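Protein chains in written order, with this note's numbering: chain P, 29 to 173; chain S, 29 to 173; chain U, 29 to 173; chain C, 29 to 173.
Just to be clear, a hint being listed does not mean it is correct.
[What the hints assert, rightly or not] Only some residues are given here: those of chain P computed to face chain S with a beta carbon under 10 Å:
id: 1; residue: Asp-74
id: 2; residue: His-79
id: 3; residue: Glu-113
[Unchecked claim] Ranges of calculated distance between the beta carbons of each label pair, as one might list FRET restraints:
id: 4; chain 1: U; residue 1: Leu-110; chain 2: P; residue 2: Asn-108; range: 17 to 25 Å
id: 5; chain 1: P; residue 1: Asn-108; chain 2: C; residue 2: Arg-120; range: 49 to 57 Å
id: 6; chain 1: S; residue 1: Arg-42; chain 2: U; residue 2: Thr-157; range: 50 to 58 Å
id: 7; chain 1: P; residue 1: Leu-110; chain 2: U; residue 2: Asp-74; range: 42 to 50 Å
id: 8; chain 1: P; residue 1: Ser-35; chain 2: C; residue 2: Gly-106; range: 56 to 64 Å
id: 9; chain 1: S; residue 1: Glu-155; chain 2: C; residue 2: Gly-106; range: 54 to 62 Å
id: 10; chain 1: P; residue 1: His-79; chain 2: C; residue 2: Asp-74; range: 46 to 54 Å
id: 11; chain 1: S; residue 1: Leu-59; chain 2: U; residue 2: Arg-120; range: 23 to 31 Å
Read the hints as simulated data drawn from the structure, not as lab findings.
Every value quoted in this text rests on a predicted model; they were computed, and no experiment measured them.
Glycine residues also receive a C-beta, built at the ideal position from the N, C-alpha and C atoms.
Protein chains: 4
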Amino acid sequence: MNPLNPSFAEDVARSFAQQPIMSLIGARLSLVEPGVVEIILPYRADLAQQHGYLHAGVVTTISDSACGYAAFTLMPSGSNVLSVEFKVNLLRPAQGVEFVTRAEVIKAGRTLTVVRADVFRIDGNKERTLVATMQGTMIGLHQKA
Amino acid sequence: MNPLNPSFAEDVARSFAQQPIMSLIGARLSLVEPGVVEIILPYRADLAQQHGYLHAGVVTTISDSACGYAAFTLMPSGSNVLSVEFKVNLLRPAQGVEFVTRAEVIKAGRTLTVVRADVFRIDGNKERTLVATMQGTMIGLHQKA
Amino acid sequence: MNPLNPSFAEDVARSFAQQPIMSLIGARLSLVEPGVVEIILPYRADLAQQHGYLHAGVVTTISDSACGYAAFTLMPSGSNVLSVEFKVNLLRPAQGVEFVTRAEVIKAGRTLTVVRADVFRIDGNKERTLVATMQGTMIGLHQKA
Amino acid sequence: MNPLNPSFAEDVARSFAQQPIMSLIGARLSLVEPGVVEIILPYRADLAQQHGYLHAGVVTTISDSACGYAAFTLMPSGSNVLSVEFKVNLLRPAQGVEFVTRAEVIKAGRTLTVVRADVFRIDGNKERTLVATMQGTMIGLHQKA
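Construct the complete structure from the given sequences, taking the supplied hints into account.
Now the structure itself:
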């Protein structure tokens, strides 16, 4: 997958820095490649649900941003990306020291891009376990010339 | 839909108060009836994505909790509820003074419960506009006698 | 919801007649209104899965067509409609004399339209029971002038 | 993934032969391994929608069966499997000489199993192109001792 936007990495980093929710929850961008984006989120007790696990909505928040930016890396310069829809299966309790979501583009289209994100918990021994998976659709809104 | 747990409303309120993420984002429980739960979230700039709209993950966070608790209202006393999966369609930009998500049980089963949540933005004139809709599956883990 | 295409009902009927799969399974169009389409499918043993229930894929087949045509009723003349994605929750065994799926547009957009379909089984006493529900996204491909 | 049921392959083949819809559409089981099932469907004009592509519901029908049987391969002897829900993204027109859906278990649980299926069209040169992807949840109903 070849990027149409030569400064895709800088553009993703700039846009990510403009998402206040990412700084509220403490998420950081850890990888940006054509069609692939990873976001890391250290566990914090104030992000949990009633059993102390990361709330499924927080798992979704980082995965939705990762999917949007993965789609964005393959769009022309000046595009805006919005989420159309996503579906998340929660596979295991989101318990861990840290979480990483890895989004990969499955199909990039002129208007719609389909992306998958896998979310892993990382324990004290750096072992990764899949805790959730998202399948979603992103739309690119392109600037008119 | 008749509740099996006579203290469902108190149990939902107690569990909601034990979800630290709800207090981090400023969400509050506004309605708990058999099979129906509403959660209100006032807009805050630190919950936004890069265009200033409420992040789709935050829309999901309140809807997932509302769906889980709507399912819980129809479960036996002492049940725990977990999300199996959900799908969200984002319909309009989540711009507004306040948001409300209303979750309603579609089918309550012995193990699995299917729930739908509609998310509305509320503008300065108290007008409600649908911004997202979730269709999800919750699982009840029941205490053994 | 006001139709942009004054001959939407004839156009839906013509397109439906051009879907060979509908005649293979014995489905018929039973209602076409702006934003709403119903399709009826009598039970047949050769549409079943291993327990004799209507196969979930057949439930999906009629619902996907109903969703596509419901979206189409609100599109400009000469549009083509394609499915982007759909999600189906299976709620009860699809046992019955006849099935009806009712699709309703939730949000019609210029490009994307979100539709929901509820599928009911109809027993010998004409009672309707919800057996599945679909939430999907349709895309309109519009003719250039 | 180790099968709990030593005769899983025979059991899948027997159950598949009991799905009348598979013979109606001309689908055949082409691979059964622990956690993985493939189904092949030759194109037929009577399985198409109005543009001559395989109907999305037919794509779903073979994928849902493949997902159910992939889950079944990892269940104890005597289990029954039912679909809880699935979500399908349609990526490209389903045009081709033949189609194959490949389902793989992502997470096998005691009650619920999450499965993904990728659907490929195969053209005259045997080239495979991804046309759709399904993410779904299956439930195992186990015989009581």
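Hint numbers not upheld by this structure, sorted from lowest to highest:
5, 6
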